[in-house]
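S.K.: Given next are the chains, with one letter for each unit.
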Amino acid sequence: MSLPLSRTALPAALLVVIAAWAWLLQGQSGGRDLAFSLLAGAAFGIVLQRGRFCFLCNFRDFIERREPRGLIAIIVALAAGVLLYHVVTMAWVPTPRPGRLPPNAHIGPVGPVLAVAAFAFGLGMAISGSCLSAHFYRLGEGSPTSPFALVGAAAGFLLGFLSWNPLFSLAIYASPAIWLPHQLGYTGTILASLGLLAVLAVLVLRFANPASATAEARFDLSGIAARVFVERWPPVVAGFLVAVISAMAFLRVAPLGVTAELGSIVRTAGFSAGLLPDTLHGLDLLRGCATVVKETLLSPNGLFVIGLVLASFAAALAAGQFKPQRPTGAQIVRGLCGGILMGWGAMTGLGCTVGVLLSGIHAGALSGWVFLAFCTLGVWLGLLAMRRIAA
Amino acid sequence: MNHLKWAGALAGAFLVAGAAGAAEPLVSAEWLQDNLDNPDVRVFEVSVDTGVYERGHIPGAVHLDWHTELVDPTRRDIASREEFEAKLRDAGITGDTQIVLYGDNNNWFAAWGAWVFDVYGIEVSLLDGGRKLWEAQGLPLDTNVRDYADSDITLPERNGDLRARLTDVLDIAEGRLAAKLVDIRSNDEYTGKIFAPEGVKELAVRAGHIPTAENVPWGTIVQEDGTFKSPEEIKAIYAAKGIDGSQPIVTYCRIGERSSHTWFALKRILGYDAKNYDGSWTEYGNAVGVPVVNVAGTVWTGK
Chain A
0 MSLPLSRTAL PAALLVVIAA WAWLLQGQSG GRDLAFSLLA GAAFGIVLQR
50 GRFCFLCNFR DFIERREPRG LIAIIVALAA GVLLYHVVTM AWVPTPRPGR
100 LPPNAHIGPV GPVLAVAAFA FGLGMAISGS CLSAHFYRLG EGSPTSPFAL
150 VGAAAGFLLG FLSWNPLFSL AIYASPAIWL PHQLGYTGTI LASLGLLAVL
200 AVLVLRFANP ASATAEARFD LSGIAARVFV ERWPPVVAGF LVAVISAMAF
250 LRVAPLGVTA ELGSIVRTAG FSAGLLPDTL HGLDLLRGCA TVVKETLLSP
300 NGLFVIGLVL ASFAAALAAG QFKPQRPTGA QIVRGLCGGI LMGWGAMTGL
350 GCTVGVLLSG IHAGALSGWV FLAFCTLGVW LGLLAMRRIA A
Chain B
0 MNHLKWAGAL AGAFLVAGAA GAAEPLVSAE WLQDNLDNPD VRVFEVSVDT
50 GVYERGHIPG AVHLDWHTEL VDPTRRDIAS REEFEAKLRD AGITGDTQIV
100 LYGDNNNWFA AWGAWVFDVY GIEVSLLDGG RKLWEAQGLP LDTNVRDYAD
150 SDITLPERNG DLRARLTDVL DIAEGRLAAK LVDIRSNDEY TGKIFAPEGV
200 KELAVRAGHI PTAENVPWGT IVQEDGTFKS PEEIKAIYAA KGIDGSQPIV
250 TYCRIGERSS HTWFALKRIL GYDAKNYDGS WTEYGNAVGV PVVNVAGTVW
300 TGK
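So the sequences go chain by chain: A and B. Taking numbering that gives the first Met the number 0, the leading residue of the first sequence gets 0, the next gets one more, and so forth. Taking numbering that gives the first Met the number 0, the leading residue of the second sequence gets 0, the next gets one more, and so forth.
These are calculated hints, taken from the structure and not from any lab test. Among these hints, one or two may not hold up.
Far from chain A by the CB rule (all over 12 Å, computed), these chain B residues [as the list claims (entries may be wrong)]: (1) E23; (2) D48; (3) V51; (4) E53; (5) H62; (6) K86; (7) G120; (8) E134; (9) G174; (10) I233.
In silico BS3-like cross-links for lysine-lysine, where the CA-CA straight-line distance does not exceed 27 Å [to be verified]: (11) K200(B) - K240(B); (12) K234(B) - K200(B); (13) K192(B) - K293(A); (14) K192(B) - K131(B); (15) K240(B) - K228(B); (16) K234(B) - K131(B); (17) K131(B) - K293(A); (18) K200(B) - K293(A); (19) K192(B) - K86(B).
From the three backbone atoms N, C-alpha and C, an ideal C-beta is built for every residue, glycine too.
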């Protein structure tokens with residue numbers, strides 16, 4: 000079994016670099032959060048790449064080929080995460096009294112703007128071929144579209160900041176941040192969340208194509224190595240690991256999110272260039288994958304994303320799935336256009352499929368469910384439109 | 000001889016009782032570590048950043064949320080006697096409890112909490128160095144929130160001797176009252192060069208300082224690790240600016256919370272007569288018709 004160095008030594012070296020960097024970061028002031036974020040991002044990147052955990056691709060697989068595994072992975076991630084998150088929130092906020100929210104949890108404003116933002120994000124996902132977190136991990140696979148999608152997202156963020164003040168005065172100021180335990184209590188929230196996810200799982204499995212059974216795998220070194228390093232991880236494993244990373248990150252640093260750093264870079268650059276208004280009304284008081292005017296080069300979210308990309312690169316290399324290609328004109332256009340929609344949606348919705356959908360549903364925020372519903376709608380219509388255009 | 004012995008014993012008892020009532024201004028991390036399980040010691044954390052307490056606090060520490068439990072959220076004022084009393088009862092505070100406060104950001108808001116406690120008649124101690132020191136020394140943190148048995152402590156009315164109001168500060172500025180003003184903000188804010196540090200939302204319409212105020216930025220009296228400098232050093236730093244305790248002192252900053260840190264040093268560590276002006280520059284700099292010293296000549300919204 001002779002594999003080239005690019006599939007063994009190089010990925011190992013990358014992981015060593017990440018570990019060494021985390022160790023160095025520990026010594027700085029505030030370094031423990033930075034080091035943890037880097038490592039959590041790396042873990043997340045590996046799970047995303049190995050599990051092919053992309054909201055869009057999984058949805059598209061189901062719509063086009065009735066392949067259920069990806070959606071099941073997402074449903075498992077949401078369900079397990081709800082339980083793990085509640086272990087933490089119930090310790091931090093024993094009684095969900097009105098006015099009390101678990102610190103930093105992504106419980107965002109629910110209103111028409113969120114719905115439109117999620118819809119736009121879904122459209123962007125369908126057009127560009129992935130959600131933002133998947134574009135980050137796809138960078139590690141050498142995807143030709145992803146760099147353009149991220150550039151487009153930056154532009155979308157700028158447009159989002161420019162449209163923020165009118166949207167805030169129009170609707171967001173009155174959109175309440177609804178935390179389900181306030182209405183349903185913790186038990187009610189857990190039961191309702193798990194119940195709804197169970198219904199979705201049943202629907203997915205009901206309409207699944209039964210022909211995609213896997214062959215019995217060899218339980219020896221090469222068989223297991225193939226299952227771990229090359230083949231797609233089983234949906235339950237991938238989903239559960241995503242849930243664990245999400246809850247651990249919340250316990251230690253902050254809820255998961257991938258757009259805070261990108262948005263903050265755009266916000267800081269936009270301010271310096273005089274493109275943005277002096278005040279973004281109310282933005283800093285709202286919960287979500289928050290953007291700030293950057294004061295330091297390294298931030299927890301920035302390191303999380305860097306860890307994500309590097310580790311997913313390592314995982315892709317090991318799997319022989321790093322396949323850089325020259326981007327075609329169509330890929331560039333789709334990436335940019337989809338990216339702009341996603342960037343705008345992520346800014347006005349205060350996060351993306353990770354920051355609002357995943358972290359929101361985990362925390363018991365109604366905003367997570369609203370994002371799920373409207374994003375799915377946007378994805379579905381977007382895929383229909385893309386098929387029409389292609390036909 | 001018997002009467003003398005009795006008198007001596009009585010005098011001794013009074014001395015001991017008096018000492019037991021007063022709290023040490025600062026406690027060390029070693030002392031606190033040794034007293035974590037002492038039922039007569041209660042620790043409170045007053046941190047600025049969200050989620051810091053929940054993610055790890057000194058074992059047994061109670062969370063004092065500066066946002067909601069030290070202030071009145073509707074009108075600009077400190078917490079009402081009833082609300083603060085309820086909080087202390089819930090934390091099981093009695094007349095014998097020794098209270099220690101600590102927090103992030105160099106104990107800024109812990110000092111402010113200490114001032115609020117003092118206004119309601121309870122002297123507390125600060126953990127010298129705060130969270131920063133505790134974490135730097137790798138001392139244990141835990142996420143467990145303890146539920147203490149309720150007490151029935153009653154709080155007196157607010158002690159106005161510790162709090163300066165706008166009228167008091169105006170009396171000093173216009174020379175009707177002999178007292179010293181200490182502005183603990185950065186020199187740029189004091190001279191009027193900037194209205195407030197970058198990104199800050201609590202602003203004033205005018206820049207500068209209150210006439211006759213001396214500028215001693217709060218950081219001057221702390222060391223690198225967040226602990227206070229020695230009492231002798233602190234005394235010398237203020238004496239160099241003409242503040243030696245011979246006159247009453249009023250401290251202020253932008254919003255009145257950080258100035259409690261300096262108030263704590265002056266009143267509790269040095270024993271001077273000091274009040275905190277918690278309205279601070281956000282009140283004074285926005286008040287109509289008050290005298291302002293603006294050395295830098297910055298005009299609001301103008302260049």
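S.K.: Mind verifying the non-interface call on K86(B)? Its CB should be farther than 12 Å from each CB in chain A.
M.R.: holds, 14 Å
S.K.: Is K131(B) within 27 Å of K293(A), Cα to Cα?
M.R.: Cα-Cα ~23 Å, so holds.
S.K.: Could you grab the alpha-carbon distance between K192(B) and K131(B) and see if it respects the 27 Å cut-off?
M.R.: violated, 31 Å
S.K.: Over 12 Å to the closest beta carbon of chain A is the bar; see if E53(B) clears it.
M.R.: Non-interface label fails for E53(B): nearest chain A Cβ at 4 Å, not farther than 12 Å.
S.K.: Per the stated criterion, does the least C-beta distance between E134(B) and chain A lie above 12 Å, as a non-interface residue requires?
M.R.: violated, 8 Å
S.K.: Is the nearest CB of chain A more than 12 Å from the CB of H62(B)?
M.R.: violated, 10 Å
S.K.: Is D48(B) truly not at the interface, in the sense that its beta carbon sits beyond 12 Å from all beta carbons of chain A?
M.R.: violated, 9 Å
S.K.: Please verify whether K200(B) and K293(A) have alpha carbons no more than 27 Å apart.
M.R.: Holds, at roughly 16 Å.
S.K.: Is K192(B) close enough to K86(B), meaning Cα to Cα at most 27 Å?
M.R.: Given pair K192(B), K86(B) is violated - Cα atoms ~41 Å apart, limit 27 Å.
S.K.: Taking the closest pair, is the beta carbon of V51(B) still more than 12 Å from chain A?
M.R.: violated, 8 Å
S.K.: Straight-line Cα separation of K192(B) and K293(A) no greater than 27 Å?
M.R.: holds, 23 Å
S.K.: At 12 Å, judged by beta carbons, does E23(B) keep clear of chain A as stated?
M.R.: Per Cβ check, E23(B) is outside 12 Å of chain A; nearest 28 Å; holds.
In summary, the numbered hints that this structure violates are 2, 3, 4, 5, 8, 11, 12, 14, 19.
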